[in-house]
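Q: So the chains spell out like this:
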Amino acid sequence: MDFPFLFNTTGQLLAAVPTTLLLFVESIAIGGVIALFVTWMRVSGVFVLDRIARAYILVFRGSPLLIQMFMIYYGLGQFQAIRNSIFWVALKHPFECAVLSLALCTGAYTAEIFRSGLIAVPEREVEAARSIGMSGFLLFRRIIAPVALRYALPAYSTELVLMVKSTSLASLVTVWEITGVAQRIMTQTYRTTEVFLCAAVIYLVINFILVRLLALLEWRLSGHQRRRRDSLPTDAALEGTPT
Amino acid sequence: MNDTPPPVALDVADIHKSFGNTEVLKGISLTAHEGDVVSILGASGSGKSTLLRCINLLEIPDKGEIVVAGERIRMREGRHGRQPEDRKQVDRIRSELAMVFQSFNLWSHMTVLQNLIEGPVHVLKRDRREAIGEAEMLLEKVGLADRKDYYPAHLSGGQQQRAAIARALAMNPKAMLFDEPTSALDPELVGEVLRVMRALAEEGRTMLVVTHEMGFARGVSNRVMFLHRGMVEAEGPPKELFANPPTERFRQFLAGHED
Chain S
0 MDFPFLFNTT
10 GQLLAAVPTT
20 LLLFVESIAI
30 GGVIALFVTW
40 MRVSGVFVLD
50 RIARAYILVF
60 RGSPLLIQMF
70 MIYYGLGQFQ
80 AIRNSIFWVA
90 LKHPFECAVL
100 SLALCTGAYT
110 AEIFRSGLIA
120 VPEREVEAAR
130 SIGMSGFLLF
140 RRIIAPVALR
150 YALPAYSTEL
160 VLMVKSTSLA
170 SLVTVWEITG
180 VAQRIMTQTY
190 RTTEVFLCAA
200 VIYLVINFIL
210 VRLLALLEWR
220 LSGHQRRRRD
230 SLPTDAALEG
240 TPT
Chain V
0 MNDTPPPVAL
10 DVADIHKSFG
20 NTEVLKGISL
30 TAHEGDVVSI
40 LGASGSGKST
50 LLRCINLLEI
60 PDKGEIVVAG
70 ERIRMREGRH
80 GRQPEDRKQV
90 DRIRSELAMV
100 FQSFNLWSHM
110 TVLQNLIEGP
120 VHVLKRDRRE
130 AIGEAEMLLE
140 KVGLADRKDY
150 YPAHLSGGQQ
160 QRAAIARALA
170 MNPKAMLFDE
180 PTSALDPELV
190 GEVLRVMRAL
200 AEEGRTMLVV
210 THEMGFARGV
220 SNRVMFLHRG
230 MVEAEGPPKE
240 LFANPPTERF
250 RQFLAGHED
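Protein chains in written order, with numbering that gives the first Met the number 0: chain S, 0 to 242; chain V, 0 to 258.
Read the hints as simulated data drawn from the structure, not as lab findings. All the pointers check out, no bait thrown in.
Some chain V residues close to chain S (C-beta under 10 Å, calculated; not the full set):
(1) Arg86
(2) Arg93
(3) Met109
FRET-style restraints, in silico, Cβ to Cβ:
(4) V:Ser43 / S:Arg219: 37 to 47 Å
(5) S:Glu217 / V:Gly69: 41 to 51 Å
(6) V:Ile59 / S:Asp49: 19 to 29 Å
These figures come from a predicted structure and were not determined experimentally. Even glycine gets a Cβ: it sits at the ideal position worked out from N, Cα and C.
One chain only, chain S, in its complex shape:
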């Protein structure tokens, strides 16, 4: 084992971690906003909005992310109109293009995850809220969103983990994140196994921390699904308690 080499490689790769995390955080944030909009369109009951949302989901969930990224980075620049527009300020940078395509893609997946959470909200609880005079945004914020979020969280956690890994595709549009740097070291040293092993371990650690954080969040949001420490073991026993 060539420890000095591993040490040196790991150091260079760690320097790229902020880029990877920034890709991840920005695309998740933008993708989340897109997903909220698309989910709202899907459940709005307005035919045209629903169709547009479905088409969006079909396209961005159904085609490879790498091709989407290539089309945004290499494709959009072909059009004079886009090069002249204010969007070019962002779109001429590979980083912004990678964020945009990651966000558009995760937005499509996340919209469906959010919708599955919404569907799972018990109609009875919504009705109870209506019956005391809640409606509109208040109803959404206090009753629907917390319950839907809780139902959507396990699937959304998986999507987040996938997104951390998907940021590696940005290396192919010349963003120097972890995988991009690993590839550069590899072409200079031809030591494929060590370099990519180091890169894989770094992704693994990032995802491990992410999964633990999400598990903590899930635990905090599911008090009502755990058994109380002081509660009796069965329903029948509970019902027998004097009141």
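We have chain S; now place chain V onto it with these hints.
A: This is chain V only, laid out in the frame that chain S set:
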């Protein structure tokens, strides 16, 4: 007997409601004065739950008037049929008519106390600490003071329904609507819920109760309404009605519910 009856809490006139081609309510009227406890009886499918749900507009009646504490709910003909004119008014009137559901419908992600203060704090915009104090008093009243930090899933059916009644009370409603509040309970748990409801009746709450509990209808309510196929078949004080059933169908219904 008083010469002047107490003010009208709830006035419902000529309610019609159809689902597709089925006419569920065919013109029902009902007036409840403050302090009235009206039991609404009827076989399943007679429209009694739909009537209750029409009163707080969980279902929109096709025709008819609803007046709560003197305020008429304004309706208009919209593109998709009849609709309330003012959503804000509907919200306000709903907050004055607390409903208790057959299957409790507590918010599962909130503790009992959180369930109780949700409406007062977020709908009525009351001070949180005040609301908590009041909620604790209400829980004391329904015998759940020691369960305030429990989630609904950790309570028995009877406890959940008592919590739901306390949640309704926390809104300080002008009238309470009970939709078969004991039908989803195991027989041995029915009593604890009925005791709470009887106590509410005794303190003068205005209550509309859809129920199959003949004991409650006979012993607690001061008026009974018997629905059949969307119409009022018999109505009156329980004593007279139970002693001399005015129609054959009501007599049969009572015979079927001997307890």
